[in-house]
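Peer 1: Chains as they are written, first to last, in my numbering: chain X, 1 to 451; chain H, 1 to 167.
Nothing false has been slipped in among the hints.
Per label pair, the in silico range of CB-to-CB distance: (1) X/Pro380 <-> H/Glu135: 29 to 35 Å; (2) H/Gly121 <-> X/Pro420: 52 to 58 Å; (3) H/Asn151 <-> X/Pro54: 26 to 32 Å; (4) H/Val123 <-> X/Thr140: 55 to 61 Å; (5) H/Glu137 <-> X/Glu23: 43 to 49 Å; (6) X/Asn99 <-> H/Ala119: 35 to 41 Å; (7) H/Val123 <-> X/Glu265: 52 to 58 Å; (8) X/Lys118 <-> H/Ser109: 50 to 56 Å; (9) X/Gln413 <-> H/Gly121: 46 to 52 Å.
Worth flagging that the hints you see were computed from the coordinates, not collected in a lab.
Quick reminder that beta carbons are idealized off the backbone N, C-alpha and C, glycines included.
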Amino acid sequence: MFRKVLVANRGEIALRVLNACRELGIRTVAVYSEADRNSLHVRFADEAICIGPPRLADSYLNVPAVISAAEIADVEAIHPGYGLLSENANFAEVCRASNIKFIGPPPEVTRLMGEKEKARQAMKKAKVPILPGSDGVIFTAEEAQDEARAVGYPVILKAKAGGGGRGMRIVRTPEELPNLFHAAHTEAANAFGNGELYMEKFIEQPRHIEFQVLADEHGSVVSLFERECSIQRRHQKLIEEAPSLQVTPDMREEIGKTLCRCLKEIGYQNAGTVEFLMDADRQLYFIEMNTRIQVEHPVTEAITGIDLVKAQLRIASGERLETILPPSLGIRGHAIECRINAEHPQKFTPSAGQITAFNVPGGNGVRVDTAQYAEGVVPPYYDSLIAKLIVHGVDRAEAIAKMDRALSQFVVQGIETSIPLHRGIFADAEFQAGEFDTGFMERFLARGSAG
Amino acid sequence: MNPLNPEDIHDLKELIEFLKENQVAEFELDRGEFKVRLKFNQPEVTQGGLSDLATLLAGARGGAAQPASNTAVASPAAVESATDPLAGLHVVKSPIVGTFYGSPSPGASPFVSIGEHVAKGQVICIVEAMKLMNEIESDASGDIVKCFVSNGQPIEFGQPLFSVRLS
Chain X
1 MFRKVLVANR GEIALRVLNA CRELGIRTVA VYSEADRNSL HVRFADEAIC IGPPRLADSY
61 LNVPAVISAA EIADVEAIHP GYGLLSENAN FAEVCRASNI KFIGPPPEVT RLMGEKEKAR
121 QAMKKAKVPI LPGSDGVIFT AEEAQDEARA VGYPVILKAK AGGGGRGMRI VRTPEELPNL
181 FHAAHTEAAN AFGNGELYME KFIEQPRHIE FQVLADEHGS VVSLFERECS IQRRHQKLIE
241 EAPSLQVTPD MREEIGKTLC RCLKEIGYQN AGTVEFLMDA DRQLYFIEMN TRIQVEHPVT
301 EAITGIDLVK AQLRIASGER LETILPPSLG IRGHAIECRI NAEHPQKFTP SAGQITAFNV
361 PGGNGVRVDT AQYAEGVVPP YYDSLIAKLI VHGVDRAEAI AKMDRALSQF VVQGIETSIP
421 LHRGIFADAE FQAGEFDTGF MERFLARGSA G
Chain H
1 MNPLNPEDIH DLKELIEFLK ENQVAEFELD RGEFKVRLKF NQPEVTQGGL SDLATLLAGA
61 RGGAAQPASN TAVASPAAVE SATDPLAGLH VVKSPIVGTF YGSPSPGASP FVSIGEHVAK
121 GQVICIVEAM KLMNEIESDA SGDIVKCFVS NGQPIEFGQP LFSVRLS
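Input sequences plus hints: build the corresponding full structure.
Peer 2: In structure tokens form, the structure reads like this:
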């Protein structure tokens with residue numbers, strides 16, 4: 001096991017990783033920007049090094065500063081958390097060149113999965129179901145017409161270099177295709193400096209289902225089942241739960257087996273998440289793979305009893321899955337997570353500032369991952385996630401009841417948070433019934449029941 | 001109130017140093033007519049390693065002994081000089097995290113020495129980050145008064161390197 005690890009992140013995930021290190025007897029080094037001097041990840045690390053001014057590009061995303069800190073602190077490994085440098089293959093390469101273990105997959109694999117089309121082809125080859133679509137880039141509107149006919153309307157055009165919805169267009173009829181093709185091309189070229197587009201079948205009212213995997217460095221891969229993440233607003237997840245009500249034990253086993261075979265072939269290592277869309281017929285289609293720990297990993301930890309971050313550290317230090325995991329894996333109960341953001345519950349505007357009162361709920365089956373505290377400050381420079389509230393019940397009904405009471409006991413004053421929004425969602429009949437898709441938030445907000 | 005003899009002042013200074021080194025927050029001494037109460041500014045966040053160094057440095061700079069006004073018996077002048085030796089000085093801070101080197105190569109003479117005049121933009125040291133030797137320039141003109149770091153020492157972003165008496 002490692003002697004000393006640097007955590008290249010901030011906020012709750014930095015603290016989460018520090019906790020795992022500490023429980024494994026690993027010395028910890030935190031890095032921080034000037035805006036985070038009084039943060040808990042700084043306070044609770046064995047050592048802390050200021051690496052730059054508040055701006056992300058000058059501190060947490062500054063590769064030379066992070067590597068330099070790792071070198072002067074003499075660490076053996078870096079845990080990148082999520083976001084920031086976690087899926088930056090160049091960073092992983094610099095780590096390798098500096099003889100520092102990057103806790104994640106090898107840079108080649110991160111790079112493969114970062115290129116959507118290559119990732120799709122790799123999955124297709126291993127017989128993981130993918131969305132029907134173009135094999136690569138479509139250059140002209142005429143070409144797009146032919147593809148759309150083959151795939152079947154509706155289709156969606158997406159930017160090859162894209163993300164965040166830009167350069168994306170849903171096309172429902174052949175007549176509107178040429179105009180939408182040009183609009184998407186121009187938008188992508190402006191946003192990413194690359195106007196290349198590809199096409200996929202568009203799934204109406206999809207669910208977002210993802211599978212958690214762990215792979216060691218000796219060729220073993222396991223699936224730790226699925227998470228349901230359909231409660232999203234503008235592609236930002238708000239609530240995640242596990243297991244999904246829509247995934248049957250047979251599907252779970254089949255997809256799990258296929259993924260393990262595929263990831264073994266690719267040479268995947270460490271923790272990862274494979275994201276799928278599910279259509280109305282419960283058919284799953286691969287969309288992308290995230291090559292890091294996810295924000296919503298605690299729901300999987302709750303139902304499997306496996307500490308995913310500790311598993312990451314143990315895998316990266318060379319341990320085999322068979323020594324890390326229990327002999328048999330199963331699902332126990334039902335877990336739900338709410339992302340508590342520092343933002344207005346109806347307007348969704350970010351709300352930075354000083355927290356004046358902070359009461360964290362507890363009790364049986366309630367977990368809160370946060371790096372915030374009373375009199376702590378939410379700086380305006382970073383992500384608005386300030387806490388994750390996770391509950392674990394014997395079934396979904398108990399989990400909902402637990403979440404409802406935990407939300408009522410979660411008090412944050414001084415800033416606006418999404419807690420009132422979550423309370424509204426948990427009181428909603430559609431959410432309670434579990435019969436929802438990624439269009440839920442739009443319908444919910446239209447009903448005017450938020451907060 | 002009896003004036004203190006030089007021996008007492010010396011003892012007091014030593015005591016202050018000892019308390020500072022051990023990060024004592026408050027100290028009270030009562031020997032009849034001789035009463036001392038000392039309060040030290042505590043670093044807001046304490047952690048091990050490098051930042052400890054940084055906070056200690058910060059403490060040595062700004063957070064020195066501040067005798068409570070009513071009970072202090074040490075001569076005000078003596079305490080004053082221990083309080084803020086850097087008043088009115090400009091501090092050159094490290095713009096990057098890395099390892100400090102005072103000279104261009106091992107054995108070579110240092111870029112600058114105490115008392116020397118430096119111009120704004122003049123290279124005053126090297127901070128090594130990722131095997132790259134980054135020349136650090138002074139952001140002010142003046143005479144070097146003090147160097148806060150030693151050769152080969154790991155330093156963080158914003159850590160004080162030199163103090164300069166502006167000219």
